[in-house]
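Protein chains: 2
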Amino acid sequence: VRARRADALRNIKNVRVAAEDAFASDGVTVPVDEIARRAGVGVGTLYRHFPTKASLVEAVVVARSSKFLERAHELAEGPDAGSCLFALVQELVQLATDKKELSDELARAGIGQDKLRLPAKEELERVMGDLLRRAQDAGRVRRDLGTADLGRMIMGTCLAADHQGPQSTERLVAVMCDGLRAVNSPGLRAVAPA
Amino acid sequence: VRARRADALRNIKNVRVAAEDAFASDGVTVPVDEIARRAGVGVGTLYRHFPTKASLVEAVVVARSSKFLERAHELAEGPDAGSCLFALVQELVQLATDKKELSDELARAGIGQDKLRLPAKEELERVMGDLLRRAQDAGRVRRDLGTADLGRMIMGTCLAADHQGPQSTERLVAVMCDGLRAVNSPGLRAVAPA
Numbered sequence: 007v008r009a010r011r012a013d014a015l016r017n018i019k020n021v022r023v024a025a026e027d028a029f030a031s032d033g034v035t036v037p038v039d040e041i042a043r044r045a046g047v048g049v050g051t052l053y054r055h056f057p058t059k060a061s062l063v064e065a066v067v068v069a070r071s072s073k074f075l076e077r078a079h080e081l082a083e084g085p086d087a088g089s090c091l092f093a094l095v096q097e098l099v100q101l102a103t104d105k106k107e108l109s110d111e112l113a114r115a116g117i118g119q120d121k122l123r124l125p126a127k128e129e130l131e132r133v134m135g136d137l138l139r140r141a142q143d144a145g146r147v148r149r150d151l152g153t154a155d156l157g158r159m160i161m162g163t164c165l166a167a168d169h170q171g172p173q174s175t176e177r178l179v180a181v182m183c184d185g186l187r188a189v190n191s192p193g194l195r196a197v198a199p200a
Numbered sequence: 007v008r009a010r011r012a013d014a015l016r017n018i019k020n021v022r023v024a025a026e027d028a029f030a031s032d033g034v035t036v037p038v039d040e041i042a043r044r045a046g047v048g049v050g051t052l053y054r055h056f057p058t059k060a061s062l063v064e065a066v067v068v069a070r071s072s073k074f075l076e077r078a079h080e081l082a083e084g085p086d087a088g089s090c091l092f093a094l095v096q097e098l099v100q101l102a103t104d105k106k107e108l109s110d111e112l113a114r115a116g117i118g119q120d121k122l123r124l125p126a127k128e129e130l131e132r133v134m135g136d137l138l139r140r141a142q143d144a145g146r147v148r149r150d151l152g153t154a155d156l157g158r159m160i161m162g163t164c165l166a167a168d169h170q171g172p173q174s175t176e177r178l179v180a181v182m183c184d185g186l187r188a189v190n191s192p193g194l195r196a197v198a199p200a
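So the protein sequences, as listed, match chains A and B.
Numbers 7 to 200, taken from our numbering, label the letters of the first sequence in order.
Numbers 7 to 200, taken from our numbering, label the letters of the second sequence in order.
If several chains are the same, the list does not tell them apart, and a pair holds so long as it fits within one copy or across any two.
Here are the simulated lysine to aspartate or glutamate pairs, DMTMM-like style, with alpha carbons at most 25 Å apart:
id	residue 1	residue 2
1	K19	D39
2	K19	E64
3	K105	D155
4	K106	E128
Since the hints were derived computationally from the structure, they do not count as laboratory data.
So that you can see chain A by itself, here it is in the shape it has in the complex (with noise of 0.2 Å):
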């Protein structure tokens, strides 16, 4: 029971792997067989494990946020507060993007109907909200902002470089970190003139 137990689990992650690359490289509408050709199993397997193509890109971003949450409490860690406060901005912005492409594509192929979230929010948002207390602290972040700020700019960025490419996301990302930097702002009396 237990060996039949560990192959489940494998072929559950070899799918899911699969599912992943397919995705990255054809799209969700890749067909369901040359996803479980590509994981090495029967279809019939896929089919036990993830009934609905829906259900297999729910996987892709579940795993994809679980790998993010590792890597948000490493830098959480880190020695240098700033920059891994900009690093967590930055892989969050493209995590949330690449999660909102397949959403899009999902709704556009007719095959889910609700938006993905990325799950364990509240978790992510206790990780960086003290991360950017650090930051604030060591002087590399403005004190003007609250992580609830930090947050929804983030989701205003993912939202501006919706469907631009990686060039304007890395571009709205820059303007967004070094706004963040900006610790001596000199605000906005400074920049309406009459």
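Fit chain B to the supplied structure of chain A, relying on the hints for placement.
Below, chain B alone, put in the same frame as chain A:
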């Protein structure tokens, strides 16, 4: 005939101004009679010019947008391109946020179906693009951004600031403007620890 026409135009303007004030103080659900009373016109006159509440809200948005477009042209001529661009960004975020709130209120009240759009989008983009290039040439704004990036960032900031109140909006705009100011941006290469 000319006098009657002038009367009609004055009535339209009075109603629009009264509607703008009433929406700002009491929200879009303010009764039409109340708007007519404040404008000093009969309800029949109001309905003749604005058959629906949605048409009244749209008139308010259009009027505010054309006022803003004048302001944008004024800023585009300003001597200090950097400050003028930052002012334009701040005021455009304000305009779009107000418009979005009116639009959402309409939807909640079950009055309007379509999203309100900001008119003269192309003209505004052109003015903004000219100002961006002038500010970049003056060394006040980073050079790695185009007009489309700027437009998307403004949109993202509006979405991030949505319904969070004026102070949150001000913080998010400040971060964005400081990010734009970073003419010697270290870029993202300096961001991510491996």
